[in-house]
Structures are given as structure tokens and as C-alpha cells.
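2 protein chains.
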Amino acid sequence: MNTAAVYHRTDSEYAFLYGDRDHLRLRLRTAAGDVKKVSLLYGNFVEGSYTHWYDGDGSAMQKYLSSDYFDYWTATIEEPIGHLPAYGFLVEDFSDNQYLYGDRGLVIDSPSARSDVATNYFRLPYMHEIDRVMSPEWVKKTIWYQIFPDRFSDGNHDNDSKVTKDWSDNQPSSQDFYGGDLQGIINHLDDLADLGINGIYLTPIFKSPSNHKYNTSDYLEIDPTFGDKNVFKKLVDAVHAHGMKIMLDAVFNHGGDESAQWQDVLRNGQKSIFADWFVIHDFPIHFHETELAYRPDKNYESFAFTKDMPKWNTANPEVQDYLIGAAAYWTKEFQIDAWRLDVANEVDHHFWRQFRSKIKSINPEVFIVGEIWHSAGPWLNGDQMDSVMNYGLTSDVNHYFVDQDITASQLVSQYNDRLMNYRDQTNEAMFNLLDSHDTMRIKTRAKGNMNLVKSAFAFLFLQPGTPDIYYGSEYGMAGKEDPDCRRPMVWDKQQQDLNMYDFMKRLIALRHDNWQILSEGKIFWDKVPVENRLLA
Amino acid sequence: MNTAAVYHRTDSEYAFLYGDRDHLRLRLRTAAGDVKKVSLLYGNFVEGSYTHWYDGDGSAMQKYLSSDYFDYWTATIEEPIGHLPAYGFLVEDFSDNQYLYGDRGLVIDSPSARSDVATNYFRLPYMHEIDRVMSPEWVKKTIWYQIFPDRFSDGNHDNDSKVTKDWSDNQPSSQDFYGGDLQGIINHLDDLADLGINGIYLTPIFKSPSNHKYNTSDYLEIDPTFGDKNVFKKLVDAVHAHGMKIMLDAVFNHGGDESAQWQDVLRNGQKSIFADWFVIHDFPIHFHETELAYRPDKNYESFAFTKDMPKWNTANPEVQDYLIGAAAYWTKEFQIDAWRLDVANEVDHHFWRQFRSKIKSINPEVFIVGEIWHSAGPWLNGDQMDSVMNYGLTSDVNHYFVDQDITASQLVSQYNDRLMNYRDQTNEAMFNLLDSHDTMRIKTRAKGNMNLVKSAFAFLFLQPGTPDIYYGSEYGMAGKEDPDCRRPMVWDKQQQDLNMYDFMKRLIALRHDNWQILSEGKIFWDKVPVENRLLA
Ligand SMILES: [Ca+2]
Ligand SMILES: [Ca+2]
Numbered sequence: 001m002n003t004a005a006v007y008h009r010t011d012s013e014y015a016f017l018y019g020d021r022d023h024l025r026l027r028l029r030t031a032a033g034d035v036k037k038v039s040l041l042y043g044n045f046v047e048g049s050y051t052h053w054y055d056g057d058g059s060a061m062q063k064y065l066s067s068d069y070f071d072y073w074t075a076t077i078e079e080p081i082g083h084l085p086a087y088g089f090l091v092e093d094f095s096d097n098q099y100l101y102g103d104r105g106l107v108i109d110s111p112s113a114r115s116d117v118a119t120n121y122f123r124l125p126y127m128h129e130i131d132r133v134m135s136p137e138w139v140k141k142t143i144w145y146q147i148f149p150d151r152f153s154d155g156n157h158d159n160d161s162k163v164t165k166d167w168s169d170n171q172p173s174s175q176d177f178y179g180g181d182l183q184g185i186i187n188h189l190d191d192l193a194d195l196g197i198n199g200i201y202l203t204p205i206f207k208s209p210s211n212h213k214y215n216t217s218d219y220l221e222i223d224p225t226f227g228d229k230n231v232f233k234k235l236v237d238a239v240h241a242h243g244m245k246i247m248l249d250a251v252f253n254h255g256g257d258e259s260a261q262w263q264d265v266l267r268n269g270q271k272s273i274f275a276d277w278f279v280i281h282d283f284p285i286h287f288h289e290t291e292l293a294y295r296p297d298k299n300y301e302s303f304a305f306t307k308d309m310p311k312w313n314t315a316n317p318e319v320q321d322y323l324i325g326a327a328a329y330w331t332k333e334f335q336i337d338a339w340r341l342d343v344a345n346e347v348d349h350h351f352w353r354q355f356r357s358k359i360k361s362i363n364p365e366v367f368i369v370g371e372i373w374h375s376a377g378p379w380l381n382g383d384q385m386d387s388v389m390n391y392g393l394t395s396d397v398n399h400y401f402v403d404q405d406i407t408a409s410q411l412v413s414q415y416n417d418r419l420m421n422y423r424d425q426t427n428e429a430m431f432n433l434l435d436s437h438d439t440m441r442i443k444t445r446a447k448g449n450m451n452l453v454k455s456a457f458a459f460l461f462l463q464p465g466t467p468d469i470y471y472g473s474e475y476g477m478a479g480k481e482d483p484d485c486r487r488p489m490v491w492d493k494q495q496q497d498l499n500m501y502d503f504m505k506r507l508i509a510l511r512h513d514n515w516q517i518l519s520e521g522k523i524f525w526d527k528v529p530v531e532n533r534l535l536a
Numbered sequence: 001m002n003t004a005a006v007y008h009r010t011d012s013e014y015a016f017l018y019g020d021r022d023h024l025r026l027r028l029r030t031a032a033g034d035v036k037k038v039s040l041l042y043g044n045f046v047e048g049s050y051t052h053w054y055d056g057d058g059s060a061m062q063k064y065l066s067s068d069y070f071d072y073w074t075a076t077i078e079e080p081i082g083h084l085p086a087y088g089f090l091v092e093d094f095s096d097n098q099y100l101y102g103d104r105g106l107v108i109d110s111p112s113a114r115s116d117v118a119t120n121y122f123r124l125p126y127m128h129e130i131d132r133v134m135s136p137e138w139v140k141k142t143i144w145y146q147i148f149p150d151r152f153s154d155g156n157h158d159n160d161s162k163v164t165k166d167w168s169d170n171q172p173s174s175q176d177f178y179g180g181d182l183q184g185i186i187n188h189l190d191d192l193a194d195l196g197i198n199g200i201y202l203t204p205i206f207k208s209p210s211n212h213k214y215n216t217s218d219y220l221e222i223d224p225t226f227g228d229k230n231v232f233k234k235l236v237d238a239v240h241a242h243g244m245k246i247m248l249d250a251v252f253n254h255g256g257d258e259s260a261q262w263q264d265v266l267r268n269g270q271k272s273i274f275a276d277w278f279v280i281h282d283f284p285i286h287f288h289e290t291e292l293a294y295r296p297d298k299n300y301e302s303f304a305f306t307k308d309m310p311k312w313n314t315a316n317p318e319v320q321d322y323l324i325g326a327a328a329y330w331t332k333e334f335q336i337d338a339w340r341l342d343v344a345n346e347v348d349h350h351f352w353r354q355f356r357s358k359i360k361s362i363n364p365e366v367f368i369v370g371e372i373w374h375s376a377g378p379w380l381n382g383d384q385m386d387s388v389m390n391y392g393l394t395s396d397v398n399h400y401f402v403d404q405d406i407t408a409s410q411l412v413s414q415y416n417d418r419l420m421n422y423r424d425q426t427n428e429a430m431f432n433l434l435d436s437h438d439t440m441r442i443k444t445r446a447k448g449n450m451n452l453v454k455s456a457f458a459f460l461f462l463q464p465g466t467p468d469i470y471y472g473s474e475y476g477m478a479g480k481e482d483p484d485c486r487r488p489m490v491w492d493k494q495q496q497d498l499n500m501y502d503f504m505k506r507l508i509a510l511r512h513d514n515w516q517i518l519s520e521g522k523i524f525w526d527k528v529p530v531e532n533r534l535l536a
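As you go down the protein sequences, you meet chains R and D in turn. Residue numbering for the first sequence follows the numbering used here, starting at 1 and increasing by one per position. Residue numbering for the second sequence follows the numbering used here, starting at 1 and increasing by one per position.
It is possible that part of the hints are untrue.
Stated by the list, open to error - As a list, the in silico EDC-like pairs of lysine to aspartate or glutamate whose alpha-carbon atoms are at most 20 Å apart:
no.: 1; chain 1: R; residue 1: K207; chain 2: R; residue 2: E333
no.: 2; chain 1: R; residue 1: K522; chain 2: R; residue 2: D22
no.: 3; chain 1: R; residue 1: K360; chain 2: D; residue 2: E318
no.: 4; chain 1: D; residue 1: K311; chain 2: R; residue 2: E79
These aren't lab readings, by the way, just hints derived from the structure by calculation.
Please build the complete structure, drawing on both the sequences and the hints.
Shown next, in the form of C-alpha cells:
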């Protein structure tokens, strides 16, 4: 047996409370095809020395998902929270060798190894409800629709920027404004409801000089080209009246260079009361309005080394109060249902713990989604985020269905490893998407082949998680990378792909009818010919 | 190559900030003897796409510690905090196959795999000082001395319990009182200083009816048989005047049945204002003064299922305020240097995060040690505890040096796996002990063979961590399991093992002279004949 491949980690995605408070779910990883049987020995630590729960054959674990390298075994225990679980794995290879795997590692199974309750079992000493990793239940039932407000619908010409591009011009530059706003979204909520959407995700709407608004000037104001607090209140109320949820985008890694705080630092240097709000290596700051983003002498931290998005010093309690206070304000005063956290991976864990604690104290049903493109385990242990944007799945799906450069078994292998990176309830809350304002649109990636696009969407909607549609995908919108993926919404009926709309509407209905089994059910893969590019 | 054995986990004991703020330490685990070479590819994520830092051979990692199953490779990177590290491992086997191991798992090394910066590298996106796992620097220089106050020295007969056993009677029952107190400790600080001790760890001293006081009645009062706040203040001042630190024992998992809160619940049942302070399954409570600990109908949670130590509901914010408030009180008003947390593994993580946050805000130099006998990774990620009582090492040392039932290579293998369970700075703060009030004394385990005892102490003092001596070990005190391990301190010179005292004093001096290299140095094992029972 491949003994060095056997892996378990307690109090992690390998051992966690799931679903009802009484369920403990355990996983064990072994080398693929290497192990015949895994059984679980499980009991109460204190009682072990006299009840000998570790005698016998244990209970068989299920070989659940597999990948090219690994088999993942799973078992669910129904045991009240508050007992004192100890557990070990009996691992049997194809030569009938049996090992006991516990807190001391792998040992040859023997009565003496088993009876050593104090040392040879994993411990999850006491299962506390307050430490349970959980997301709001409504998330699993939600189909999201991502809106880039400047490009969705212009409902009020009075708030337009001085120069706006004509809506029919579908070649945006990175600097263009189109006049889209919150009123435009309100005007189209009936349409989104018709499609079956019940979650609206808006990229940033707070005051900012850019069209994308990821360089926030003021976290407590709606950008005037989008509307004001009154129209935003109207939007939230209308969203809720449609039975939908609303998610805002918070950019807490960095601010914009037009913020009052950064401007004060530029003016007053080290003497600014905001000097410690940013990550500045020395003064005076090397900042020149007119220069390019990358400068060898830049002496402050910023997003992606650009000059105009200075990084917040989120370790400073004043900054924590300002940013988390702003999120609390919108959550409390405007009944926001969810937060998408921009560049969440570059902000410290300490900050996110405080953020979660504050927001969930206002409303425990708020959903928190981080923008993290790589494996995000350290943020998903219940103390920070509920979910992340699942770009890993995006990549797998695109490679298999669209680029067609991986096989079905590669897709399954990669995706299974990915699923086993997180607790099941985290998978059930994953923010699943095929494209966004940060990527090429899937139709363009598929070179216009709508069958491939539909297959990819169908696969996405059958997975555990909460699926998302980037605005206009339902009408077959195309676009290369930013800024081309941010074209104005196609409202002209002549240009709408109504066949795609019909497909999307039926797919959404299917998901709504079956959300529970799709989200919480077990996954089984059937092998199908590669040329089908479909998996059951 | 054993591909399924290759393991790394980012933002964990496998990837962490170490020492100076500019050092990132990485580890990789492979199957023992299976891999010829591991090299590290490392660079800045954003810059990767144009600087191609991933070209070339990378920098070689050191094969550091090994166990029966695993080799652990390590490398330390000097890179300012705040950059955006991406990294991957080039793993070369003895058949000259080379793999790239990153966020997507193991792939055959190729130019295209390497250039895929967005997907095939591990990310530690931004290294934040505030998330760094660190313990107070003074801990590494400290030699602890554990005192069980009722049994150490009686400095004031006026505060004795009505019935006390004669100090010369060294057969304590679990109910006996001997009259030891805080004044007795003050009286002997010069002696402890002479031995070289610079840290005093007291088992609980708060108000409680028992001799061990692990069933606290009032967390805000000194037990009257030990003294009062004045004499405690005197003790703390005297400890500090001797250049020593003081650690108290906090029992936050459960209270004692004589606490005002539990008594109120017994009197008023569900109507008690403290009804939600405990974990009670239903009312009325089945509690009978006169009955034994285990009852089949017991309907509330308690420590080890005993009846007289009801478990606190630490998820209740009122309980959090009371218990953490008490710890804050002693930390702030009495300048306590450290907390030992009883049954720390059965209290929720949420509570410990709040505890740490509060205590470190009062004094960041306070040391926090959990009582956790098994692997304690989930508590040692920088947000809860600095250290745990290292009973795992206790067990290894006892089996090798005292029981002599494992070989030197088994000791090294087990201990190396154990070291690699934690970040290096955590190992350097481990609370290392051979025995305590909860175990048989080592002299008794060694059947009186003081050469074995000395070998075990010598090994302990050469390890990274902060070594501890259980009171009286310096004079060769013996004792079987509780209550026998809690005999009154041997102050009678006729009964003191002065040879052991001399050995201990020299060992302590050696540790003081070499604490930095012993604590922070790299570990190398030389093979020596098993019969020596000594390792260099
Ligand atoms: Ca407008
Ligand atoms: Ca006394």
C-alpha cells in the first residue's frame, strides 16, 4: 500500500459538521486505486477506556470521488454536538494488510494500537455550533445575474457623465461612459424575473471617477452617475419585492486616488492624519498624476502596482472602522443581502474576521463571497467568507467544453480534487460562473459556437453551488477581454439571440425545480464518449 | 515517484512568515527516500507574466527532517512583506522525471505548465504582519516551574483549611488539604532563582472548594486558603523582582458546582438568569449532591461527564464577557505574564479568538498556552493560542528514555513528524514537560533509575520550546498518578536528592547559556547505538 499517500486533517475540510447540527462528516484521502476498504472506528474519548468502541470492524466508509492521483473516502456520523469524538481509520490494502491511521500517523493495526485511546485517534474534542461552517440556506436556491451598471441600462439621462458613448456603439474603450444607472436596473427587474433570476450582483456603485468604480473615492455615497441613496433604496425595495436578493461589490483592498484620505496624504505627507491609512514605505510619496502605472521608484503599495489604487492599511483600527463601518451602514440601512469582496485574497485574515463578525451580527443571513481565483481554503473555515468566485471551475469547464483541450476524465479528476478542497457546505455555496467583467465572454471563447456555450452552462447549472450569469449572456452577447467584455447590454431585439434566451430560461427553471438535489445530492460520474462533451 | 505522497498546504505550517518580518518559510513533504531533489520556483504573481521568474532551475530546497514515511524539504525566502508571492515546487525523482507541483496539483514539468502563472502556482497573496503567527520572545528564554499551591509550601497557617494533613505525610488522598499558599511561594522564590527558574506556573488559585481548584466558584477572587489579592499582588511583584514571569491556570471549559451561577440555576431552573450560561439539555436538572459522577440520566454537559463541573456555554456573549473579563482583570490589574488554559480543546474556537484578542490588546507580551494533549494545529494558527502543553513529546521521551520500548529511530521519526505539524515559531514556544499534576511522576515511571530521569531531562532541555519542571523534580520527588503525584514538596533536607538538584541546576544553566541556538537552530540527528539511550 502507498502508506505515504494516506491523508486526513482534523477540524478542516476532512472533518466538519455538516447540515443538521448532529452530523459529522469525515473524509480520508488515499492513493488512487490503492486501497480496498476503509472503515471508521469512532467513539467517545472519555468513554473509550471502558466501552471499547474501537473493537470490531468499524463502519465501512464510502469510496466517493476519485481523481487521477487520489481516492476520497467519506462517512457521515449522526452524533449529538457536545460529545467528545475520537476516531481512527482502518485502512486495508489489496494484500489484506490492515493499518490504523490516527493522530500518530499510520501504524499496523493491532489490539494494543487500538486500545491506546489517548494517543492513536484523531480528536475533534467537542463540536460547537458556533464554530460550524455554514452559509445562508437561500444561497443554494439563488440564480445570480451580474450587472456592470454603466453598461446595463440608462434609466435617467439627467445623471449621465458629460460625455457618454452611444449605446449602439459596442466597442467600449477602458475610459468610456455609457450612462447606465440604478434606475435602468429597476426598469428591467421584470425582465430578469421573467428569466428566473433571483439574485442581482452589482459591480461597485460607490462614488468613483471610473466607469468600473473599483477605485472608490467615498464608500458612503452612491456614485452620482448611477443615482443617489433614494434611487438605491428604491432599487433594493424593488429587488426584494421581486423575491430577489441583492449583492454589492466592496473594494476594501485599496482605495481610489481621488479619495479624501489619499488626497490628504498627498497634500500633507507624513503629517496627514491619514498617513497610516495606507502602506507607504517612505515620504515624500512618489506620485505623479500624469505618469504611467509602473514606476521603479513607487514607494507605496497599491493594487497590481498601479499608481491610482493605493492599498489600505487594513491592520490600522481606524481603517477597519471606516471600511467595515461602511459595509455595516449599507447592510443595516439598506438591507443588502450579500457582499462580494474584491481582491479578497490580498487583505489580511484579521480584517475579514472582523468584517464577518460585524456583518453577521447585523444580519446572519448575509452572504459573503470573496474574489479569490486560486484555492481559497484559508478564507473558508467559517470565520471569514462563505464562498468565493469559483474561477477554478470556470477554467475546468472552459477547457473541457469550449477549448476542448482536456478529456472528460481530466475534467472529472481536476474537478473532484477541487471539490475535495472544501467542505461540502462550502461547495454548495460556491459562486459558479463562466465569465465576468474580468474575463473574455464565453461566447467569444467558444468562437460563437452556441452549442458549446449551452453545454457549458448546462454543466454549470448541474453543479453544487450558486450559479451566476454575466449580463447579456442570455441574449448571446460576445466580447474579448476587458474592456470588450463590458459592452453595452443588447436591448435591441434584432440583435438578441432569442434561442439562447429560451435555453437559459428553461435551464434556470430546471435548476429552480431541482436546486436541492443538485446542490446537496451526491455526485456520480458516468463515463461518456469524449466527443459528446457532455457529462451526466 | 510516489506522486500521491507529495504534499503542501499554503498559509499553514507548510507556508508561513518566520522570524524577521521579511522571511517566508516553505515546506514540502514527499515519501521517504523517494525524491532526489526539490527546487523552488518563486516570484511575484503580477510580474510573473513579463519577468518569467519561473524559468530556469529554481533554488534548491534543503531536505531537512525525515521520518519513517516522509522527507520534509524546506526553504526560507527573504522577501518584503507586501509583495504577491506565487510559488511552485520542481520535484525530481531518481529516474530524472521532473514534476511541477502547484495549486492544481502535480503536473509533468513543461514550459507551458510553468508559464501558466494564473493557475499552476501556490499563492500566498499578500503577507500581512497582522496575520503572522508569533509568540513573545521571552518565552524561548524561560525555564518554567509548575507549582500545585496546596502542596508547595505553607507560608501562613492562619489561612489553612479546618483540617490539614501533616506536611510529612506524603500519601495525599484526592480530598486532602495541606495548607500550602501564596506566601509559601513568596518565601521560596530565592530558592527557585538559585535553581535558575525564571517562570512560575501555578495551577488554579481562584476560589474553589477543592484542593486542585479546577472547579472554580469565583474567577474574580483568590481562594482564601491560598491568600487574598494583597498577598497575590505581593507574589507577582516578588516574581517580577526576581526577573521571573508568572503564569496562571484558567478553567474556562467548565465551572464548579458551587459557583453562584450554577447554584442559581439549581434554585430557579429555567427561570434563572443563568439558565443559558450552561449547556443544559432540559429542565429540571438531574443533580444530586450525594450521587456519583456518572449518571445515565444526567441532562447537562460537564467536564468528563462528572456532575460537579458543569460546562460553560461559551457561545453565550454574557459568559464570554464574564470569563474573558476575569482574565482581562488579572492581566491588567495584576500584570500576569501568561495563561495556561485548562481543557482548551473542548472550548470553541470563537471563544479563544476573542480571548486572545482581548488579552493581547492589554499586553501583547502575554503568553497563551492551551492544555491540548493531541495534535493541536487548529488552535495554533496565530488567532488563538501561542503554544500547547507538549504531551506528545512527553510520551515520545518517556517511551524512549524511560520505558525503553521504542528505538532511537522511532523516536526521531515520531518527533520529526510532530515538529513538522507546526510552524517553527510554534515549536520554539512549545510547553515541554516530562510530567505534571495530571501524570505519574517521571522518577516513578523510571522505577527510581535517576540516570534515565536525567537523560530524559537532558533531551527535553535540548529541544526547541520552553521547558518546564514539575515542582520537586529537582529533588527527585516520586509519585504515581493523581493523587500520588501531588505529594507535599520535600523541604526536609534529609529527603532531598541533592545530586539531582545539582544536575538540574547545571542543565538549566546550560539552557540559559544556549537558549537561542537550542530554540532557533536547525535540528540534526546523529545515529548512536540504541543502548546509549542518548541522542546528540
Ligand atoms: Ca444615466
Ligand atoms: Ca496556609
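Cross-check of the supplied hints:
Of the supplied pair hints, the one linking R:K207 and R:E333 holds, its CA atoms being roughly 18 Å apart against a limit of 20 Å. This hinted pair checks out: R:K522 and R:D22 have alpha carbons roughly 19 Å apart, not beyond 20 Å. Of the supplied pair hints, the one linking R:K360 and D:E318 holds, its CA atoms being roughly 18 Å apart against a limit of 20 Å. Among the hinted pairs, D:K311 with R:E79 is consistent with the structure: their alpha-carbon atoms are about 18 Å apart, no more than 20 Å.
When the structure is compared with the earlier hints, no violation turns up for any of them.
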